[in-house]
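Chemist: Please build the complex by placing chain B on the supplied structure of chain A, with the hints as guidance.
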Amino acid sequence: MIRRITRLLTAHIDSQLLILLLSLMSVGLVTIFSGSNQSVPRISSQVANIFVALGVMYIFANVPPHYLRRIALPLYVLGVLLLVCVALFGDIVNGARRWLYVGVTRIQPSELMKIAVPLMLAWYFDRYEATLKLKNYLVAAVLLVLPIGLIVRQPDLGTALLISAAGAYVLFLAGLSWRIMLGLGLAAAACMPFVWGMMHDYQRQRILTLIDPTQDPLGAGYHTIQSTIAVGSGGLAGKGWLQGTQTHLDFIPERTTDFIFAVFSEEFGLLGNVLLLGLFLLVIGRGMVITANAPTLFTRLLGGAITLTFFTYAFVNMGMVSGILPVVGVPLPLVSYGGTSLVTICLGLGILMSIATHKKLVQS
Amino acid sequence: MSELTINPGVELRNSRLEIHHFRVRLAVASAFVLCMFALLFARFFYLQVIQHDYYTTLAEANRISIVPIPPSRGIIVDRNGVLLANNYAAYTLEITPRKVEDVEALIDELATVVEITARDRRRFRKLIDESKSFESLPIRTRLSDEEIARFAAHRYRFPGVEMNARLFRQYPQAELFSHVVGHIGRINPHEIEQLESKGVDANYRGTDYIGKVGLEQSYETQLHGTTGVEEVEVDAAGRAVRTLSRSAPVSGNNLVLNLDAKLQEVVYRAFGEFRGALVAIDPTTGGVVAFVSKPGFDPNFFVDGIDPQNWKELNESIDRPMVNRALAGTYPPGSTFKPYMALAALTYGKRRAEQAISDPGGYNFGGHFFRDDKVGGHGMVNMYKSIVVSCDTYYYMLANDLGIDNISTFMKQFGFGSRTGIDITGESAGILPSQEWKTKRFKQKWYAGETISVGIGQGYNSYTPLQLAQAIAAIANDGVMFRPHIVDYVEDVATRARTVVEPQPLRTIPLNPEHLKVVKDALVGVNKEGTGARAFAGTPYVSAGKTGTAQVIAIKQGEKYVESRVAERHRDHALFIAYAPADKPKLALAVLVENAGFGARAAAPIARQVFDYWLLGKQPTPVKPDNSEAGRD
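Residue numbers (the working numbering), protein chains in the order written: chain A, 48 to 411; chain B, 1456 to 2088.
The following block holds chain B by itself, in its conformation from the complex:
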């Protein structure tokens, strides 16, 4: 084969024309090449000059990851520095469900390395339902050192599972402060919306928890702090390569409360087996020194998200531990209403202190006989005696003379039927009955007969223990009222600067000092020689008080209330309001004991223990119910 050199036709056929044709084709191909390269150049020019800024932004977004550094939440301490809510660092095991195909199988596998209880599983399932799939969710918290080591050794087996050091909220006092301090919990979608609408959602990047109830909720903005930001250079796998810049987080502020943890415990123990509520206020400042709603619950359950079973138990318990009785429970004040009625009578000139009425054992009004507590009546009763022995007939008559609107106008000044504005949310307003209220509520007119029961704190009357405490504090402090507040001051962690929560009185009720003295003397009389005398026998200090009983079910006309015949949950609630020392009150309180019968018997001894502790430093003994009929109100 040597056509190339030998074939004589080659030269002939390779005529100029053919070469010309070929070169035209080659020129066309060259033009095509140039066009395509021009296209490439145009593309490069477009990307690198025209769109350069855009792609630089994208490259920076790739490279730089903004990592939020959540601040540490402020702690909560009582007036003596006892920790009520604090933080501690611990390791958690977290699963990112999006990165895992079969979460259940993964958990089974994990359970071979660290302990995972049925409760952990239930809780985790609930978390998955409530959260977005790209979040990492804790399957286990508070890993032990041994578990940390074991997981670290087996980490390669569990893609999508991470071990993280995190700060945890802890409530060392558990049940004792559950209704005041409240608790935090994982942020839910509704709360995210709220944060967004307030424009503070950016500050919550990196934060998983938010205050749900109690002080944790109402002081959320103070406690949370300011989230810091770290700019990190990351590679394509998301691994941090180096830190570019960092702005440190600012820790949340600490709360220092008026509450006294020891007093709180005294109250809790004094209640014994009973349910109920107690609010004790320093009348000269409005600072809440004790705030108890019993039973409580362990708020630590809620921090990582409560598991459905425990939630069900708490929620469905007949004792209703989730209800904040002191704040949201409303009860008829019973006879504790009488001192205010007496003050109203003096103020409106309807009675003079020494003016006595005859008590035949009841009061007939409009064909209805309103029974007195004592069969046969108390005889001649003046104002002092009416309070000391708690005479119903005196107040039936008085109520009729005052009329509902005078009662309602007067009582409103003490805060009855209005929210006190205490610094935790969820407060009930209660009911201060009036003609206007009844028209609005039932679209019915007020009947004069209804006023009669209001006079002894029954009827439509319904107030929270907190309102009762605030009212008695107002009496104790001679009408100068404070907004009750649990937090004394907010403390900046860095500067130690204090912001006092409630430095100014709310208002002063215009009361005649002479009128006030009459009532206050009578209140002292209650504990000296009246219904509270037995509970307060032998105190080295002088105290003032008033017992009360709130009916849970109505007693039929002509029927007598016999405790042993009434189902336990239908028994009367015992009430007691008090302050001490009488001349210069340091503490005013209201106590409610559910289904405990007469106020003198169950509630007054609790109050006594509180004062003994607060004024004398005495440790309490549990309440022993006193079965005698003496000291009924």
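Chain A extracted, bound-state conformation:
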């Protein structure tokens, strides 16, 4: 009896994915403890975030994918409307208009679009699956560019790039022809000078800083220089947990959030990094397997987009901390402190679980 109830409750949980994500969260807690100078309130607050995120994941794992398909369009339309509202009435924080005040609280609609855009595109391709033509790709491109344009205007280049990536993954997986992709690539390269001209000073600065961080060691280059030093000085085996000098003497900024990887890397070294890369790779691998076996185009595209977006987060964050990508505000998925990103990631992973477990029900 108890076993049946247990089986019913856990029917839609992918145990492999769960173990992996719990492992990553544990790594996160261990590192946050060090990065926050052993702050217990930080840990308990993150544990609370984890419970909320797991709850969200559990809910979405139990939602059959076709319900998601139903909310794709409304969610997208709502998201775009909110972005328009942000552009018109948004609050300016740190020079960027990203927040919208709704009654009691402020929300950041661009976060919503991280899920809504791939969902919308997956829905769109699935709907016109039978008659996919070039025209459909053009429409999809418009659906992608509209919210991205609004987000770039805020400005929030990091989020815009991540959403572009998610949309591009969907287009790619939907079968956009190689020739067109090559053409788009060339066109993008040709547009670079114009994009440069439209960028804000601080955005240009970040890119210039990436090329040569030593130009401004105390200003824009400081984050990159210090995190690179932390990673490099970690060496093969690391300085040991709670022993990182860059971490504990405050040289690393944002130690528990965006730059948590610098803390991890300093204290656990290359061996720790390999373990972390391995965990991420296993999550992505599991996502790929689920996607490959997904029953419908919608779930395949959605699963693929979620998996590849997860990869993008991890790659961009570690690339930024180790000094090969510009500094963009992307947390390390499942590891960084913070409720929003944790919930967003777990929501995605919940959808993946849903795709994995509902497939069997459909086929049977």
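None of these hints come from the bench; they were simulated from the model.
Be careful, since some hints might not be right.
Computed footprint of chain A on chain B, listed as stretches where at least three residues anywhere in the stretch have a Cβ under 8 Å from a Cβ of chain A [to be verified]:
{"#": "1", "segment": "1505 to 1514"}
{"#": "2", "segment": "1689 to 1698"}
Pulled from the structure, derived: some chain B residues nowhere near chain A, Cβ distances all over 12 Å [stated by the list, open to error]:
{"#": "3", "residue": "G1536"}
{"#": "4", "residue": "L1561"}
{"#": "5", "residue": "I1886"}
For glycine and all other residues, C-beta sits at the position ideal for the given N, C-alpha and C.
Modeler: What follows is chain B alone, placed relative to chain A:
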């Protein structure tokens, strides 16, 4: 909407081919993921294995801050242990201009908390101009306890302003020793270059001050000490977290001088309102017991950097207090040159002691009449009398008989015209005229007529009071000469080990003791029955001396020098050289009193007071100028 399950076309369209296509795309994406992770791994490997040492060095450089601990500077005391330069700890208020946007506004704000005078502001502005912007510069020094408390309470209002405990140099004797002890001041860029070229700049990390003049400068390496180092772990904000290692600084050595602070004061007071210089030397050691150049200045002004107004006042004063008259001022020796001329005459066999000449009141040479001081002349004059009454005619003739090159060769042995090598810098060499010197200097040949004035210490002759003192000390000590030195010994603070500065005589002048006796007897005669007799009347000790007068402006042919007609600054300088006691000299000195007229009148009484104090312990009375014509040299 239940296309997922109901639409019959789904199964059909999801043909194997389409799934195959999708899986190819997914495989491409997976390959991309693997490539990117491989890239990350390569980056980690590069940073953490290949470049590990480099980044470890950077992390250590971040973490470890080397903090220099400046040593405390050696103190300077006189022969009795009286402090001439010492250190005391006090709080300063310092501003780092780089961290402050509007320095003037900040100072205005600070002035509401601690007192900041106009002088402080001027001084600070000068410091900013002279220093690098990352240094912290003192706006106020020597904060009172109340000011310390008040600033501490308002500290949050003043980012970029710090309160620091620092050691300060203080010169308790102020003006009295300004020209000997000198002073320190903030290190300037030129001095940094010098320290770098000597390779000792590392030892000056954390040191803001360096000796600028006087003993503070010449004994800089002894006084400074060795800077210690503390390795401190710091956080990103530069706050020290803990000390990793520490090597203690080694304090600078102390200087113990030959100078006597009380004697110095006696001299200073004896000068009264007059300007001038006095150097008193222990002839048996060369130790300088008194070294006065008057007026002086308060060296304490210079320690924190003098403000432009005070600097201007000192620099432009007509009394020229910044000039070290004893060391760098050169004056014709006047009649104080005569004893050496007499000794030269005996040595070269040009005169015998008892050989007398007739003095008609002057000497005619080449159509020019060289006047004697006394109208009508001194009558028959032998060597003894020539010194005692200071007969010019005797020496006009003698100079002509000796010739300039003999004079110059002989005088050179006493150190005339050469730097003595005393242990402070800035010394003038003076001029000992010779044919060779004139050719070099003016590209002209020497005229025999020029030798005549040289014989009475005028003409091109020009020496420092220090040289005059050294020469008379050589006579007093029977030709055994020492390099004059102000410092007796250098003392290691920790071990109390002493290093004596000048233990050996410099040289011995080959003089015939009989010749020397003639001159020394005559010098005693000067103070007994000659030009110095009035000043030295009634001394319980026997002293020897020689008066002199140095012309400031030339008197025209046939014109008489009348003091009251000459502007004060153009009046003659009074000179006196002396030693005592005559049989076993303990002190030899040269005194110069600017624009005071005859040596017997202004300079000899000062010498008398010095001997009275030194030999008898008598306190001085200020000089009262003696207006009588008696005792002219």
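Chemist: Of the numbered hints stated earlier in the document, which are not met by this structure?
Modeler: none
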